[in-house]
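> Numbering-wise (this note's numbering), the sequence shown opens with residue 1 and increments by one.
Simulated from the structure, these hints should not be mistaken for laboratory data.
Note that the Cβ used here is the ideal one computed from N, Cα and C, for glycine as well.
Warning: the hint list may mix true and false statements.
DMTMM-like cross-link-like pairs, simulated, lysine to aspartate or glutamate; straight-line CA separation at most 20 Å [stated by the list, open to error]:
hint	residue 1	residue 2
1	K133	E78
2	K133	D99
3	K6	D38
Quick list of the computed label-pair ranges, beta carbon to beta carbon [claimed, not checked]:
hint	residue 1	residue 2	range
4	E26	R66	33 to 41 Å
5	N170	N59	45 to 53 Å
6	T4	N52	22 to 30 Å
7	K3	V49	17 to 25 Å
8	S73	P43	39 to 47 Å
9	D183	P43	19 to 27 Å
10	N96	V174	45 to 53 Å
11	E78	R48	39 to 47 Å
12	L67	R31	19 to 27 Å
13	E131	K50	29 to 37 Å
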Amino acid sequence: MEKTEKRNVPAFTSIEVDGAFNVYIECQKKRLIEVRGDSNILPNIITRVKGNTLQITSNRSMCPKRLLEVKVSADNIEKLSVSGSVDLSISGVNNNSLDIRVDGAGDIKASGKTKNLKIDVSGSGDIKAKELKAENIDVSVNGAGNAVVNASRKLKAEINGAGDITYYGNPREVIKEVSGAGDIIKR
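All chains should be built: construct the whole structure from the sequences, respecting the hints.
Shown next, in the form of structure tokens:
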């Protein structure tokens, strides 16, 4: 039987997700965490804050009937770290800096605005951040992952492997480094 569980945690500015989850983050004043999935599996889903980091993981290997969903509302997210096969979307970003790291096959979709955006992709993960407007972007893709970004002032793009970086906007300064079969593409 499917169930939704609300959880209370202290304030945080960073989120780490490890496992197989669909995660939906909305940047807003109200802090909320909802976990949805098979009722017999929910007790194994861990949502805890260490320091200023919300950790979302499981305490054992599971095979749920459907992918687990975690909805998060928080005021200011400055760092996202994803490991495993996580699908994550974050909307309403409005801050000074955001650091996104993907390790594995995770996919991230981001929207809003930030002054400084740092992206690291290792593996086959994808970051779709065309709708996340940033002044300065430092993006690194290692492996077969892809990143789509939107820079207005400065873009530093580095590829090691077969991944691609696609950028929108008209940054005044563009620094490109490619080692491997990857491409850096202006749209």
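> Next step is simple, just say for each hint if it's right about the structure.
Results for each hint:
1. A C-alpha spacing of about 15 Å is found between K133 and E78, which places the hinted pair at or below 20 Å, so the restraint holds.
2. Restraint check for K133 and D99: the C-alpha separation of about 14 Å stays at or below 20 Å, so the hint holds.
3. With a C-alpha separation of about 14 Å, the suggested pairing of K6 with D38 holds against the 20 Å cut-off.
4. Against the hinted window of 33 to 41 Å, the Cβ-Cβ separation of E26 and R66 comes to about 22 Å, which falls outside the hint.
5. Under the hint 45 to 53 Å, the C-beta atoms of N170 and N59, about 48 Å apart, fit the expected range.
6. Checked against the given bound of 22 to 30 Å, the beta carbons of T4 and N52, roughly 26 Å apart, stay inside it.
7. The hinted range of 17 to 25 Å is satisfied by K3 and V49, whose Cβ atoms lie roughly 22 Å apart.
8. A C-beta distance of roughly 22 Å is found between S73 and P43, which places it outside the suggested range of 39 to 47 Å.
9. At roughly 46 Å, the beta-carbon separation of D183 and P43 lies outside the given 19 to 27 Å, and the hint is violated.
10. For N96 and V174, the Cβ-Cβ distance of about 22 Å falls outside the hinted range of 45 to 53 Å, so the restraint is violated.
11. Checked against the given bound of 39 to 47 Å, the beta carbons of E78 and R48, roughly 18 Å apart, lie outside it.
12. The hinted range of 19 to 27 Å is satisfied by L67 and R31, whose Cβ atoms lie roughly 24 Å apart.
13. At about 30 Å, the beta-carbon gap between E131 and K50 stays in the expected band of 29 to 37 Å.
Of the hints listed earlier, those the structure fails to meet are numbers 4, 8, 9, 10 and 11, in rising order.
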